[in-house]
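Peer 1: This is what each chain is made of:
There are 2 protein chains.
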Amino acid sequence: MNTYGYFDDKNREYVIKRPDTPLPWINYLGCEKYFGIISNTAGGYSFYMDARLRRITRYRYNNVPVDTGGRYLYIKDGDTVWNPGWKPSQTLLDQYSCRHGLGYTVIKGQKNGVEAEVTYFVPLGENMEIWNITLTNNTKQEKEITLFSFVEFCLWDAMDDMTNFQRNLNTGEVEVENEAIFHKTEYRERRNHYAYFTCSQKIDGFDTSRDAFIGVHDGFENPRAVISGKCTNSISNGWYPVGVHQVNITLSPGRKKNLHFILGYMENKEDEKFSAPDVINKESLWAKMKVYKSSEVVNKAFNELKMYWAELLGRYRVEIDNEHVERMVNIWNQYQCMVTFNLSRSASFYESGIGRGMGFRDSNQDLLGFVHMVPERARQRILDIAVVQLSDGSCYHQYQPLTKEGNKDMGGGFNDDPLWLIASTCAYIKETGDFSILDEVVSYSDVPDSKATLLDHLYLSIKYTLKNLGPHNLPLIGHADWNDCLNLNCFSKNPGESFQTYGDKPGGVAESVMIAGLFLYACRELVALLQHIGAKEKIDEIQKGYELVRKAVEVYGWDGEWFLRAYDYYGKKVGSRFEKF
Amino acid sequence: MNTYGYFDDKNREYVIKRPDTPLPWINYLGCEKYFGIISNTAGGYSFYMDARLRRITRYRYNNVPVDTGGRYLYIKDGDTVWNPGWKPSQTLLDQYSCRHGLGYTVIKGQKNGVEAEVTYFVPLGENMEIWNITLTNNTKQEKEITLFSFVEFCLWDAMDDMTNFQRNLNTGEVEVENEAIFHKTEYRERRNHYAYFTCSQKIDGFDTSRDAFIGVHDGFENPRAVISGKCTNSISNGWYPVGVHQVNITLSPGRKKNLHFILGYMENKEDEKFSAPDVINKESLWAKMKVYKSSEVVNKAFNELKMYWAELLGRYRVEIDNEHVERMVNIWNQYQCMVTFNLSRSASFYESGIGRGMGFRDSNQDLLGFVHMVPERARQRILDIAVVQLSDGSCYHQYQPLTKEGNKDMGGGFNDDPLWLIASTCAYIKETGDFSILDEVVSYSDVPDSKATLLDHLYLSIKYTLKNLGPHNLPLIGHADWNDCLNLNCFSKNPGESFQTYGDKPGGVAESVMIAGLFLYACRELVALLQHIGAKEKIDEIQKGYELVRKAVEVYGWDGEWFLRAYDYYGKKVGSRFEKF
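Those sequence lines, one after another, are chains A and B. Sequential numbering of the first sequence, starting at 1, is according to the UniProt record's numbering. Sequential numbering of the second sequence, starting at 1, is according to the UniProt record's numbering.
Simulated from the structure, these hints should not be mistaken for laboratory data.
Calculated lysine-lysine pairs in the BS3-like style (CA-CA distance at most 25 Å, straight line):
#  : chain 1 : residue 1 : chain 2 : residue 2
1  : B       : Lys140    : B       : Lys256
2  : A       : Lys573    : A       : Lys493
3  : A       : Lys538    : A       : Lys463
4  : A       : Lys269    : B       : Lys493
5  : B       : Lys202    : B       : Lys230
6  : A       : Lys282    : B       : Lys493
7  : B       : Lys408    : A       : Lys493
8  : B       : Lys269    : A       : Lys493
9  : A       : Lys493    : B       : Lys33
10 : A       : Lys10     : A       : Lys306
Selected chain A positions facing chain B (Cβ under 7 Å, derived; list incomplete):
#  : residue
11 : Asp20
12 : Leu53
13 : Tyr61
14 : Val64
15 : Pro65
16 : Val66
17 : Phe165
18 : Arg191
19 : Phe220
20 : Tyr350
21 : Ser352
22 : Gly496
Idealized CB from N, CA, C, for every residue including glycine.
Using the sequences plus the hints, can you model the full thing?
Peer 2: Structure, rendered in structure tokens:
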């Protein structure tokens with residue numbers, strides 16, 4: 001048993017016992033459109049649908065100390081300032097625990113007899129996160145404490161936010177109304193969305209300027225306003241917009257106090273954006289907040305989230321006399337598969353959420369892991385992915401989840417990509433028996449009005465491979481295959497050139513045995529499907545291609561002892577036992 | 001007189017009296033190929049030629065606190081840890097001053113009777129910076145102190161360094177030999193350059209892993225190794241490479257101690273990269289360091305730098321009975337012009353050095369301010385700029401100083417750009433009388449072998465404008481004119497689209513009166529030049545174009561009371577007294 005934490009199988013939680021883990025240990029919030037990552041010290045950030053294009057809060061990857069910035073609560077109790085999650089003040093706690101559960105995280109800290117338990121979660125059906133807080137006075141004296149909430153807003157586009165300071169420092173805009181702080185940068189000009197950060201009770205102050213709250217030369221660990229015990233009620237114009245509430249609390253001995261903060265994302269219709277010139281129309285928000293003011297509603301939402309996960313994970317269970325296998329198969333592997341469905345590895349502690357969007361190959365593969373849990377959503381995902389296939393059968397290698405458009409910077413040419421669509425579609429049909437997906441109309445990315453069906457896309461993937469065979473009748477690798485770094489046609493020599501795409505010589509004849517294998521698998525899957533639905537007209541053609549490539553694999557892909565990996569640009573074998581090392 | 005600092009005209013310095021300035025106050029190091037920005041608390045970074053592509057040290061714009069990371073020295077004296085520039089420890093100093101001079105910065109701090117004076121500068125002709133340190137024991141007791149140097153290496157491409165963590169965390173590589181720390185990420189694969197950080201004397205320890213030196217959860221303000229008084233001699237493999245020297249120093253009462261650190265950039269020839277497999281060939285570095293070990297050589301280099309600036313600024317002087325005018329005209333305005341020559345605004349406290357490279361328009365304009373100081377270099381700059389003009393007369397709007405290639409992301413279409421080349425060339429010739437520049441061969445960016453002369457480029461700029469006149473015979477604005485934000489043909493509505501280039505409708509007929517004015521100015525300049533050199537054949541054509549546009553300005557550009565600013569996409573006047581507001 002390690003010194004940092006343990007699995008609590010009954011509650012389906014991982015429990016962390018001390019805050020100074022070797023690296024931040026991260027959980028994921030959200031399972032529909034609003035997402036966040038959260039560390040065991042409450043670091044992390046949130047976004048709506050797309051970690052790059054709709055980032056709600058700011059996060060600094062590669063910061064010193066690591067994982068600084070997040071969903072912070074500061075408690076000032078006399079001269080002591082502390083955080084329930086230790087960071088950022090790093091004031092030594094008397095007690096600490098973090099419970100990473102399925103879609104929620106509970107952080108509990110105690111200092112000088114005051115306990116603070118914070119549950120972070122995203123309610124089902126909502127584009128918001130709730131921070132539900134219970135403060136307990138475990139002493140025999142009355143305690144007067146001041147509670148500060150803190151988030152730092154991202155100016156929406158996370159890439160721009162971390163690079164274009166000349167512009168960013170001039171654009172930040174906020175509003176404050178009652179307990180609600182609104183981040184509305186560019187709302188006036190060309191956004192229909194804003195972020196809000198509100199409190200379930202009357203507040204005693206607020207700040208929206210980071211410089212006013214923290215100070216120019218001060219750090220997250222010692223904000224000036226917290227040290228002084230009083231917010232400055234600042235309004236941010238440009239510079240660094242933050243959201244801070246101040247709540248003064250008196251706790252009798254032994255008493256508890258419950259309150260919650262809500263951070264959320266809201267869109268307005270284009271012609272209903274304003275209630276007065278430049279003032280956000282907040283009607284729908286107020287209606288929602290009226291409901292969510294109630295702690296019963298919050299507790300109910302939390303229970304619903306727990307039930308949602310229990311139901312999801314209940315669809316597939318093993319019972320075996322090995323707690324490790326049970327734990328992984330029944331809880332954490334399935335949870336991880338769902339996280340992958342939600343985020344497709346686009347945002348993590350290492351992926352900064354700006355670099356890649358969703359991968360074509362990845363998303364098809366990931367589907368195999370969650371199709372049994374969310375078949376309806378898997379169906380939609382397949383159709384979303386197919387949209388970025390072009391009419392020649394090639395595919396964009398990545399796409400942005402918000403726009404559902406292929407990333408032109410990266411482009412296509414990863415020649416295994418198209419075939420994975422067959423793997424995912426067949427897996428979906430095997431799980432559901434829903435053949436109707438094959439008839440769904442999905443236009444090709446480059447021909448917006450094309451009336452291709454998903455089945456046409458599958459045929460096209462086969463055809464694309466057959467049209468792109470190399471000198472040995474093995475599939476041309478293009479930029480790369482599943483091994484993204486096997487860039488056999490690329491000859492980048494200089495710094496700054498992309499390994500994966502630079503110097504991809506036209507007419508490159510590097511071939512991939514891996515794609516050949518995938519092709520044979522895809523052919524067998526597709527033929528079985530076509531036989532099943534009685535669509536036999538294309539089977540012969542596919543079988544012919546299958547035989548052609550099968551023979552090529554046996555003759556040119558087999559080395560006498562094992563299969564080769566590839567042929568390179570010059571026709572040289574890669575991964576042969578005859579290779580010299 | 002403000003509470004933060006004052007001008008010291010005699011020494012041509014700005015003196016800062018306290019470290020907690022409202023924002024970091026920044027100076028510039030370097031005047032040839034090696035550059036840095038440095039704040040009054042020693043924050044900042046360094047690069048070789050190009051702030052994006054050859055970043056030597058890492059810097060976090062938009063950090064909390066602001067301006068964290070830089071050229072740090074930590075002094076551990078008993079239980080006290082302090083920095084001569086206050087940051088990052090922010091230990092209260094007994095004395096502090098920062099002198100921002102011409103191309104150098106001197107930071108002096110005193111704590112508990114120990115004074116540390118650090119002079120930062122880049123020697124002429126070298127790709128390195130020197131940190132020259134004098135420690136003085138002003139007490140009556142012997143002092144045993146430990147000195148730590150600190151830099152954090154950037155993995156060369158500053159943009160990649162701040163975004164692609166999945167990759168970066170796997171690539172960092174260093175070597176340590178004697179007192180020298182080498183940063184050599186990607187040296188083995190495809191770089192011919194490395195960075196080094198060395199010390200003029202024997203060291204008592206080193207660190208190259210940030211996590212080892214600072215700690216995962218600790219900040220720049222309290223590195224674990226400094227607190228403990230001892231480096232760990234760590235070798236960084238991936239993660240975060242840093243350079244740290246430890247020097248143990250005993251200072252008798254009243255005694256001084258001088259030493260220096262050198263941070264630099266070095267290139268090796270492709271076939272001389274290694275002295276053993278994977279080991280950097282350091283021969284030329286050792287030769288250089290042998291020379292620079294001497295404090296006399298360091299002092300001489302510093303004096304030469306001062307003389308260089310005195311000579312530069314001596315070329316143009318006013319004497320007037322107003323210290324403010326004298327100070328600005330004779331010192332700071334000229335200094336600023338030279339900084340602009342060096343960096344062309346590509347790196348500052350607000351420009352992160354990754355966004356833009358050098359601007360075509362800017363660089364031509366900037367030249368007007370420094371041509372009298374460095375005419376030979378102004379000549380080269382003009383030829384460098386002209387290289388990114390295309391054969392149709394349009395110009396890339398920006399280019400990277402390292403590659404001298406136009407930035408394709410931004411492209412061209414800022415229709416005032418080509419005309420500024422005439423302004424700068426004529427200014428250069430007026431200053432120098434050097435007409436030979438007109439005959440220099442400068443290929444068009446899109447036709448590498450073309451044999452155009454600079455004079456051909458100037459003709460082409462005129463021709464480009466005349467070929468791109470709008471319905472009123474005023475120049476088409478393209479993406480924008482000098483006002484980069486007057487994007488009259490662009491109709492971006494959605495977040496994430498570039499204001500400047502998105503939706504630039506082909507056939508847009510927006511016209512710019514500003515470009516018309518610039519065109520008329522350029523014509524007059526060019527005609528005067530052609531008359532002077534007796535190249536009269538093109539004059540008629542230029543004059544005809546001049547008259548055409550002059551009339552257009554008078555008829556369609558004049559509003560009865562003032563000149564219009566432009567006509568928009570729909571032919572509507574912009575900046576007319578008849579406009580309704």
